[in-house]
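Sequences listed follow chains G and X, in order. So for the first sequence, numbering that gives the first Met the number 0 puts the first residue at 0; every next one is plus one. So for the second sequence, numbering that gives the first Met the number 0 puts the first residue at 0; every next one is plus one.
Check each hint, because a few of them may be wrong.
Incomplete in silico selection of chain X near chain G, CB under 8 Å [unchecked claim]:
no.: 1; residue: R1
no.: 2; residue: F8
no.: 3; residue: A9
no.: 4; residue: A12
no.: 5; residue: G15
no.: 6; residue: L18
no.: 7; residue: G150
no.: 8; residue: N151
no.: 9; residue: E230
no.: 10; residue: E299
no.: 11; residue: K308
no.: 12; residue: V310
no.: 13; residue: G311
no.: 14; residue: D314
no.: 15; residue: Q316
no.: 16; residue: A319
No lab work stands behind these hints: they were computed from the structure. Where is the CB? At the ideal position from N, CA and C, for every residue including glycine.
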Amino acid sequence: MIRLDDVWRIFTVGDAEVHALKGVTLAIERGEHVALVGPSGSGKSTLLHILGCLDRPTRGRYTLEGREVGALSEAERSLIRRNRIGFVFQFFHLLARLPALGNVELPMLFAGVTAEERRERAARTLAAVGLSHRAHHRPDQLSGGERQRVAIARAVVMEPAVLLADEPTGNLDRAAASEVMELLEGMNARGLTLVVVTHDPAIAARARRVVRLSDGEIQGSGVRGPGSGHDTTPTGTRTTVPDPRLGGG
Amino acid sequence: MRFLDLLRFAAGALRGHRLRTGLSVAGVAVGIAAVVALTALGEGARRYVVDQFVALGSNLLIVLPGKVETTGAAPFGGVTHDLTIDDFRAVERLPRVRRAAPLVVATDTVHFQDRGRAVPVLGTTAAFAAVRQLAVASGEFLPPRDLDEGGNEIVLGMKVADELFRGANPLGQVVRVGSWRFRVVGVLAPRGRSLTFDIDDDVFVSVRTAMRVFNRSTLFRILVDVRSHPEMQATKHDVEALLRERHRADDVTVITQDALLAAFSKILDALTMALVGIASVSLAVAGVGIMNVMLVSVTERRAEIGLLKAVGAQDGQVLAAFLAEAVLLALGGGVAGVALGAGAVRAFVSFYPSFPASPPLWAVGAALGLSLAVGAAFGVWPARRATRLDPVEALAGR
Ligand SMILES: Nc1ncnc2c1ncn2[C@@H]1O[C@H](COP(=O)(O)OP(=O)(O)OP(=O)(O)O)[C@@H](O)[C@H]1O
Ligand SMILES: [Mg+2]
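Okay, chain X solo, but in the shape it has when bound (with noise of 0.2 Å):
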């Protein structure tokens, strides 16, 4: 029996139960739009984060202190050994470093006048800016100035400003924090959140002031500009060697923006899994449902089945028949369904446009394979059914 003769005869014994058929196909075609639209949606989750990185420059190295394995999971926890003001001095003359930055972090609550705001406060210089590659709305960034001197300068985050000055001018105003008191010479263009702080949200001041303020000794991480990307690498090395001998342990970890990207796509994608797990629920259901049909089919068709064997059909063109019946029913399916999931996907971009989800082509691949297997797999019972069929009794049942 010729393939397309096959495909043809499966695909006549459908068109005569429309209804059926149509229910089925419409089965499987929502278990694999959800497959589609969920790993789109899991797809744009990872896009989205993997943008955020490259915002956050995409050259930096984060030093912090502690031992971490940043191999897998992100590098949280483990023994502090502290990092000082003069590791970030060592770490900032290294060859390959362009800039780096301090950073002391503490939360607090900034006063003008009667309102009040707690924020985090972050000590740094004022590298921080191009480290950052932050913007300026109004004024400027903290002044370039000897880390040993602190200063009264802040410069605050828009939503701070926003939230503190209602519309007001701040540039020049006094605020307080704690018993301190600073002087506003610029305000951050609006950035939003950036995974690790809403920096929308925070103050800035020097770093000499900030660990005055907050009575710290140590700093909580250096941020590192590399000269190049290809040198990323290398530099990590640099500054891993240079803080082994300046603490002489191994005690601090420097994480590249590959690693933690790294470390947030591999959560992402046991996200999208997980969501592909779900969905995949539905396309089982589904699955049962062909398998149904098709046995109910099996059933309702003994006669024409007595009568294929009577006139020479073979067992396994029997079986490859009722097979091709289920697996055309899934396989329309698939193809309805990715269409709806595209469908689904475009329809929610438009109301959510920054949000950069799109059925990655593996997926729709991946879909249309699993619509394959879904009504191989659920076919094959029903199939066999039928090619067990005596065709004696078959025939004798009309």
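If we strip away everything but chain G, and leave its shape as in the complex, we get (with noise of 0.2 Å):
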């Protein structure tokens, strides 16, 4: 499904080149739930960015669902993170103009879906994350939890292949953390490639798959199995096999 071949991003500041991703070689299956860890710095965003067709890699390939994106041209980039990518940020970045039904219709406004249609298609997607209640609230009037499940549902609406989200649980407290963490989790188990920075060891240890970066290197993937500790494979290939303590959302 994903597919990093010694992926190097070089940031040029000035005179002086920066390394945030040195050789990464990655594969990722589909259904995967990966958790990417690692120090600030370690270019855990760059790393996700690269994933997300929002930048490319300076050198190295990279294979998503058998297309290598960096050839692609900008406006197929577009479309591939309109169709295949959904975005979850640490800081939600909703439009606070736009209600919550408004921010999740976005990405079908840019696809050009019927008005009903989104409407439609909004509503049941807050209806799945739980906030049809508050379809009409504009994101100054949601809580952060409610914001971060606003925003998964702009991200999932228009059924992706992957889902990319950078510490969602950065700016929550643990009882939203964990209702968004459970969220997430339960459309991985529907099939959604999941993968997720964050900083914390706890959200982290919810992954199937934990991929830690250090200066831009992978350091280590454990896998861990139901029953096994850790265990360390470096390319990460073993399937996933489905949790039996997630339900369905």
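Since each chain comes alone in its own frame, lean on the hints to assemble the complex.
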């Protein structure tokens, strides 16, 4: 599903070069739940942006669903973002002037979906994140947890294959964080591939696989099977087993 | 993305900043209002002049000595070959000519008792009143009489009569021009300024007398009243051919009203355009205002732009969204400006009812088109800046 081969990302700042990613090789299978951890500045966000086609590798190959994405035009990449990828951010990034429903409709607006269908699908997705009763509230009238759930509804309303979340619980208290994670895990259980960047060991521990970045390099990739503790395989190609703890959302 | 959705999205963004939106709309509105009002005034001036020409008599041909190119420029200057009374006689006899009047002009002081007034003295014939469609307030115009007879009758314009007689009845009184004495036979009804002369401030004597008094042997003009309007061009050619034959040279100019009108129209069009040009400066300022607002908006909404890209908005769509905002701002200003300009013109007309000013339809259309163009032209750069934003950086700025 996702395959990175020796991916480098080098930023040029003035005369200096910052190596944010140094030869990352990684494979993520359909339906996996991967936690991306590592110290600040280790390149987690950079990696996520590349996975999400918001950024391109300086070197190396990125293949998404069999297509080499680095070679595509900007227009094609935006179509991939629209149809195959959902983003969730630490700071929600909801449009303050639109109500929850309008925010969820946004991706469909640019996809040219008719107004009635947009409304209907957005309402359905808001219901799936348990926010039907907040559909007409603007973001400033919602709690942090509710905002993030609106953002999740927006991320999945186009029914993407991959959901990329950059510290989705970074701005939430423990209860709200847990709610949000349960929501994401429920979607993952129904087949959505989930990649979550986090600093929180408790959040990371919920993932089936933990990919550890350090200074732009993958340090280890631990896969938790049911019953087993930690094992480390460098490329993490093992298939995932559905976790019986997680129900349907 | 559907067009209506695009507009709604842009309008939603504008509604988020009511004050800023209102101010930029007002900026454009002032510029557009200026364009509308000034074109209305320019158009009004043009129509006013046209009305004046119509008042001059619509079948009028004016013959003047000297050959002047009448294409474009008004006919002034040129080498003069004199027009004579005999020329006039010949012209008058042309079949398509209903009537004609000779004209000699000089300025002199008309005295009554101890009062005097320097006025143009026009020497002509009885036909002049009909040719120029003049009405008499009291008495009568110059009596019909053979051309070679002089006569000492004088007809006063209303202003001259008022000035010299101060309400007393001038009819039958004697006035002096130089050492010559004239008997007042009529006073003209007020007519007002009519482009060439202020008829109210003229006096009229018979052409022979005028030539004698002012020692002239030639005519200043011959005015020709053509039988019917469709025959204007043919009559013009008749007169030209006749005088070419008589003078053995192509040395007179015959102007139709249409030619004069065209010349004036051109001048007034230029005037209107100049006014519009001035108004456009304020539009350009308003455009820069829009650009400024949109640049601020793009800077403020970096995160939004990043998000739009992250959810799959294509560069063209981001461009269209921001361009639509600029165009909506300008178009809103355009509509408000047309209303404002039309209101201003209406107010003006209520003060000067005789001035036929109203915003021409083309100007309203052009104003709206112009506002659209301003929005697009000044919106495109900020919109392009929006599309060029790197989504990662845009999102990182929260
Ligand atoms: N646009 C950029 N220009 C220059 N350097 C950059 C840019 N973006 C990231 N970097 C650098 O690349 C490295 C990795 O950054 P990245 O944001 O991926 O880290 P991170 O693991 O997400 O950190 P954090 O946990 O603090 O979010 C850092 O050293 C950062 O300074
Ligand atoms: Mg980060």
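Here's how the hints hold up against the structure:
no.	hint	in the structure
1	R1	holds (6 Å)
2	F8	holds (7 Å)
3	A9	violated (12 Å)
4	A12	holds (7 Å)
5	G15	holds (4 Å)
6	L18	violated (15 Å)
7	G150	violated (88 Å)
8	N151	violated (89 Å)
9	E230	violated (67 Å)
10	E299	violated (11 Å)
11	K308	holds (7 Å)
12	V310	holds (4 Å)
13	G311	holds (2 Å)
14	D314	holds (6 Å)
15	Q316	holds (5 Å)
16	A319	violated (10 Å)
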